[in-house]
Amino acid sequence: MEELYQEVILDHSRRPRNFGDLPDAAVRVHGDNPSCGDEIHLGVKFGASGELQDIKFSGHGCAISQASASLMTIKLKGKSRAEVMETFRAFHNLVTDEAAEAPKMLGDLRLMQGVRKFPQRVKCAMLAWRAVEQALQQTTGESTISTETDTGSS
Amino acid sequence: MHQIAGNRVDWKAIREDFPILREQAHGHPLIYFDSAATSQKPRHVLDALRHYYEHENANVHRGLHELSSRATEAYEKSRKRVASYLGATTADEIVFTRGTTESINLVAQAWGGKFVRAGDAILLTEMEHHSNLVPWQLLAERTGARLRFVPVRDDGTLALDQLPSLLTPEVKLFAFTHISNSLGTINPVAELCAKARAVGALTLVDAAQSVGHLSIDVQKLGCDLLAFSGHKMCGPTGIGALYGRAEILDALPPWHGGGEMIVSVTLEKSAFKKPPHRFEAGTPNIAGAIGLAAAIDYIERIGRVEIFKHDVDLANYAVQRLAELPGIRILGPSTERGALVGFVMKAAHPHDLTTFADQYGLAMRGGHHCNQPLMRRFGVTGTTRASFYFYNTRAEIDRMIEILHAAVRFFS
Numbered sequence: 001m002e003e004l005y006q007e008v009i010l011d012h013s014r015r016p017r018n019f020g021d022l023p024d025a026a027v028r029v030h031g032d033n034p035s036c037g038d039e040i041h042l043g044v045k046f047g048a049s050g051e052l053q054d055i056k057f058s059g060h061g062c063a064i065s066q067a068s069a070s071l072m073t074i075k076l077k078g079k080s081r082a083e084v085m086e087t088f089r090a091f092h093n094l095v096t097d098e099a100a101e102a103p104k105m106l107g108d109l110r111l112m113q114g115v116r117k118f119p120q121r122v123k124c125a126m127l128a129w130r131a132v133e134q135a136l137q138q139t140t141g142e143s144t145i146s147t148e149t150d151t152g153s154s
Numbered sequence: 001m002h003q004i005a006g007n008r009v010d011w012k013a014i015r016e017d018f019p020i021l022r023e024q025a026h027g028h029p030l031i032y033f034d035s036a037a038t039s040q041k042p043r044h045v046l047d048a049l050r051h052y053y054e055h056e057n058a059n060v061h062r063g064l065h066e067l068s069s070r071a072t073e074a075y076e077k078s079r080k081r082v083a084s085y086l087g088a089t090t091a092d093e094i095v096f097t098r099g100t101t102e103s104i105n106l107v108a109q110a111w112g113g114k115f116v117r118a119g120d121a122i123l124l125t126e127m128e129h130h131s132n133l134v135p136w137q138l139l140a141e142r143t144g145a146r147l148r149f150v151p152v153r154d155d156g157t158l159a160l161d162q163l164p165s166l167l168t169p170e171v172k173l174f175a176f177t178h179i180s181n182s183l184g185t186i187n188p189v190a191e192l193c194a195k196a197r198a199v200g201a202l203t204l205v206d207a208a209q210s211v212g213h214l215s216i217d218v219q220k221l222g223c224d225l226l227a228f229s230g231h232k233m234c235g236p237t238g239i240g241a242l243y244g245r246a247e248i249l250d251a252l253p254p255w256h257g258g259g260e261m262i263v264s265v266t267l268e269k270s271a272f273k274k275p276p277h278r279f280e281a282g283t284p285n286i287a288g289a290i291g292l293a294a295a296i297d298y299i300e301r302i303g304r305v306e307i308f309k310h311d312v313d314l315a316n317y318a319v320q321r322l323a324e325l326p327g328i329r330i331l332g333p334s335t336e337r338g339a340l341v342g343f344v345m346k347a348a349h350p351h352d353l354t355t356f357a358d359q360y361g362l363a364m365r366g367g368h369h370c371n372q373p374l375m376r377r378f379g380v381t382g383t384t385r386a387s388f389y390f391y392n393t394r395a396e397i398d399r400m401i402e403i404l405h406a407a408v409r410f411f412s
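Read top to bottom, the protein sequences are chains A and B. Here the numbering used here is used: the first residue of the first sequence is 1, the next is one more, and so on. Here the numbering used here is used: the first residue of the second sequence is 1, the next is one more, and so on.
These aren't lab readings, by the way, just hints derived from the structure by calculation. Among the hints, a few may not be true.
A few chain A residues facing chain B, derived, Cβ under 8 angstroms [as the list claims (entries may be wrong)]:
(1) Met1
(2) Leu4
(3) Leu10
(4) Gly37
(5) Asp38
(6) Cys62
(7) Cys124
For glycine and all other residues, C-beta sits at the position ideal for the given N, C-alpha and C.
Let the sequences and hints guide you as you build the complete structure.
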């Protein structure tokens with residue numbers, strides 16, 4: 001139990017960081033997980049060289065999805081597109097691959113490794129990440145994603 | 001079976017009939033509170049399946065050999081058993097299907113395709129499972145018919161005062177659930193059927209949550225059609241039935257084409273069998289039907305009146321104990337309810353709660369329960385649901401309360 005719900009995860013789920021609206025967001029992505037009704041609204045702003053200058057999220061969901069989103073925003077702020085995608089892949093491996101070593105670059109996100117033992121909860125952990133993946137595919141505008149149409153690489 | 005001691009049911013001995021109840025989950029004794037999703041199976045049913053495959057297995061209605069006769073006889077005997085269990089007039093009123101969902105789709109396609117036109121209305125309720133909603137949405141798209149919904153009140157009961165404006169002559173069918181799978185509400189089926197009949201509408205009852213828990217007599221209820229699944233009433237998965245009054249089934253065209261359902265076939269054209277075989281194309285789920293009949297035998301040995309009393313007692317006890325928890329909201333009626341309780345807790349999301357409980361061997365369901373519109377109606381994205389059957393005990397509910405208290409401490 002404590003392996004899945006680490007104290008840091010519970011803390012982020014109770015007091016999510018970077019939570020709220022990003023008024024001058026260039027891209028907004030609305031994501032949902034229809035299997036449980038969880039929702040995320042992600043706002044992203046890009047800097048001069050295309051880096052992820054600011055990111056905020058709102059919505060509601062389980063402790064796993066909230067903590068994942070909160071930790072993600074901290075980790076990704078200031079990262080280049082390439083770095084974001086590299087982090088995305090590392091995190092996806094972390095929560096899906098039984099054998100994956102947790103790379104140092106993930107920092108506190110490594111605490112979410114417990115999710116891999118709960119295959120039903122991978123979608124919860126990935127919701128915010130699917131949203132940011134979508135955000136990177138556009139430079140402006142709004143879009144929606146859903147974990148149920150996800151044909152991802154897991 | 002050894003569950004009857006004198007005139008009293010020995011509920012403790014009944015647990016012995018269910019081998020799976022001895023299982024452990026995550027190192028704890030299993031507490032199975034997910035029977036509204038699927039019930040567990042007594043040895044009696046497992047033995048019937050095994051007996052069929054070891055002594056009778058062959059295809060039905062065509063072989064001229066001994067085994068085929070045995071299989072056909074066992075299959076058709078099962079149909080009679082279902083008919084008597086539901087109070088149907090004849091076994092021809094029972095069509096075997098894969099379950100409730102397929103039964104409803106059969107009606108939506110065969111009956112809906114023939115009788116529903118643009119401008120007609122199908123009346124449903126806001127508390128329907130997706131299986132009694134989506135088939136009608138598809139029919140409405142095909143035909144231009146409109147869907148109407150009886151609203152649900154805050155207490156989880158149907159707003160029957162609104163029926164007069166909804167149940168008008170345009171309504172060709174009123175399809176509703178007997179017991180809500182999320183709220184536990186028990187709907188007044190006989191009253192609803194009588195009101196529908198008065199405006200010339202047919203009625204279809206979704207009995208998925210009721211058929212294994214209380215006595216059902218289709219004559220007394222006055223319904224025209226009734227759908228249910230075997231796996232929620234101690235039977236195997238993949239088998240269920242549609243009851244349809246003879247004159248209604250007689251008027252319906254086939255919905256699936258193939259073997260078993262024809263009288264004669266030329267390259268251009270076919271003639272079809274009478275109901276129920278007209279609706280059972282292909283090799284049916286023979287073992288499933290036999291297992292379902294065995295489940296009915298088992299349930300009737302205990303008695304549906306006794307089962308209902310036991311299940312309602314558990315549900316009421318659960319509601320009473322759950323109310324002790326901080327920040328809890330219990331959905332559904334406060335008076336009479338079926339064998340389940342849906343609730344939300346401030347401390348934790350339903351998925352966190354069910355994951356937590358699972359670590360202590362407690363199996364519950366968290367989510368929308370195939371009831372997304374109803375969840376929206378109550379302003380929640382999902383609930384945690386504990387659902388019971390006659391093999392559950394008050395002691396298990398006490399343990400659930402302990403585990404939920406621990407969850408509150410853990411998550412807040």
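The hints, checked one at a time:
1. A distance limit of 8 angstroms between C-beta atoms decides the matter here; for Met1(A) the minimum to chain B is near 5 angstroms, and the interface restraint holds.
2. Hint on Leu4(A) holds. Least Cβ distance to chain B is approximately 7 angstroms, under the 8 angstroms limit.
3. This hint holds: Leu10(A) has a C-beta 7 angstroms from the nearest C-beta of chain B, less than the 8 angstroms allowed.
4. At its closest, the beta carbon of Gly37(A) sits 3 angstroms from a beta carbon of chain B; the interface hint therefore holds under the 8 angstroms criterion.
5. At a threshold of 8 angstroms, the smallest CB-CB gap from Asp38(A) to chain B is about 7 angstroms, leaving the interface hint in force.
6. Given the 8 angstroms rule on beta carbons, the hint for Cys62(A) holds: about 4 angstroms separates it from the nearest Cβ of chain B.
7. Interface restraint check for Cys124(A): the shortest CB-CB distance to chain B comes to about 7 angstroms, inside 8 angstroms, so the restraint holds.
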